[in-house]
Amino acid sequence: MVTVTVNNEKRTTAASTLFELLEILDYGDAVVATAVNGNFVPQTMRGETLISDGDNVEILAPMQGG
Amino acid sequence: MRTFYGETLNTPFMLGTAQYPSPAILADAFKRSGASVATVSLRRESSTDKAGQDFWQLIKALDVKVLPNTAGCHTVKEAVTTAHMAREVFGTQWIKLEVIGEDDTLQPDVFKLVEAARILCEDGFQVFPYTTEDLVVADKLVNLGCEVLMPWGAPIGSGMGLNNVFGLRAMRAHFPDIPLVIDAGLGLPSQATQAMELGMDAILLNTAVAKAGDPAMMAEAFALAIKAGQLAAASEPMEPRDMAEPSTPLLGKAFLD
Chain P
1 MVTVTVNNEK RTTAASTLFE LLEILDYGDA VVATAVNGNF VPQTMRGETL ISDGDNVEIL
61 APMQGG
Chain Y
1 MRTFYGETLN TPFMLGTAQY PSPAILADAF KRSGASVATV SLRRESSTDK AGQDFWQLIK
61 ALDVKVLPNT AGCHTVKEAV TTAHMAREVF GTQWIKLEVI GEDDTLQPDV FKLVEAARIL
121 CEDGFQVFPY TTEDLVVADK LVNLGCEVLM PWGAPIGSGM GLNNVFGLRA MRAHFPDIPL
181 VIDAGLGLPS QATQAMELGM DAILLNTAVA KAGDPAMMAE AFALAIKAGQ LAAASEPMEP
241 RDMAEPSTPL LGKAFLD
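Read top to bottom, the protein sequences are chains P and Y.
In this text, residue positions in the first sequence follow this note's numbering: the first is 1, and each later residue adds one.
In this text, residue positions in the second sequence follow this note's numbering: the first is 1, and each later residue adds one.
Hint data in this document are derived by calculation from the structure and do not stem from the laboratory.
Possibly wrong hints are sitting among the right ones.
[To be verified] With the C-beta cut set under 8 Å, the calculated list includes, among others, these residues of chain P facing chain Y: (1) Tyr-27; (2) Ala-30; (3) Val-32; (4) Ala-33; (5) Ala-35; (6) Gln-64.
Cβ atoms here follow ideal geometry from the backbone N, Cα and C, with glycine treated the same way.
Throw the hints in and build the complete structure from the sequences for me.
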C-alpha cells in the first residue's frame, strides 16, 4: 500500500501504477489527463508509470474556460 | 478572412465557456453568437460527479473549434504541462497560452510567455499567445513560430474596452500579415466594433457575454457588432478631417436670398 495525494486529497491505495490508480478510483472511461509530481503522463504511459509513496497525482478533465 | 494556423473560421468570433448561469444558457449563447471557436480549460476531475465529462459532451455538441487555455498558470512549467495535458484531452495542437504575471491586472508575464511559447512551438503546438501590445515581445513570439498574436484589450474581466488604441494600431501596422485577436477586456459590443475597425482579425471574449443579464442576446449583439466592424474595415473608411465639407452638392442650388 502507498499513500499518495490525488487532486489535493490524501489516499492510501493498493495501486502500483497510475493506470491501476485510475481504475481503483473509478475514473473508468472518463476523458482525463494525468500528471505525476508536476510531469505530464500520457495515457499510453499510465500502465508503466509506477506510483510511489508521497507522489502527487493530478487528474484533470475538460472544464469551462475563457 | 485570415486563417488561423491554416484554419478558416466562419466568423471572427471566439467565445469563452465560463461563468454562464447554466449549461443551457451557454449553449443558447453559442447558437446566437455564431462563434466559430470555444475556449475551454482543464481542472481537477472528481471521480464521483465527473462534472468535466458532461461539460465535454456539451462542448462537442456545439460543433465549433476548441481552443484550450492555460488560464491560471504562473510558471513556464505549469503552462507547458497544462498544454500537454490539454493536447491529449482535446485532441488539438491549438493552445491559448496564458502565463499570468500579476494578480491585480492578470497581466501576462511576457518573459515567461516567450519561454513557454518557445518550448511549445518546438514541440509542434500551434500557440495563440495572450500578450500585451508590446511590439518587441510580439516580434519574439512571431520569430519563435507563433502565427497568431492575441493582444489584450484591457485586463481580463474588466469590461473596459480598448485601453491602448495607439498600441493596437501600431501592432496592426507592424504585423500586417499576422492574424491579431483581441483577447480580454471587452465589455460592450461597440468596443468589439472598434477593434475590428482597427483591422483586428477576430475577437475573443467571455465575461461580457456570460455575465450579461441575457447572455444569449448579448452574444448576438456582439456577433452583429463584430460583423459591423469587419465590414467597416474592409470598406476602406474615409479619413477624418478637421473642417466641415458639405455633403450636399451646391451645384444647382437656387438663389433665394
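Evaluated hints:
| no. | hint | in the structure |
| --- | --- | --- |
| 1 | Tyr-27 | holds (5 Å) |
| 2 | Ala-30 | holds (5 Å) |
| 3 | Val-32 | holds (5 Å) |
| 4 | Ala-33 | holds (3 Å) |
| 5 | Ala-35 | holds (6 Å) |
| 6 | Gln-64 | holds (4 Å) |
Every hint, counting from the list given before, is met by this structure.
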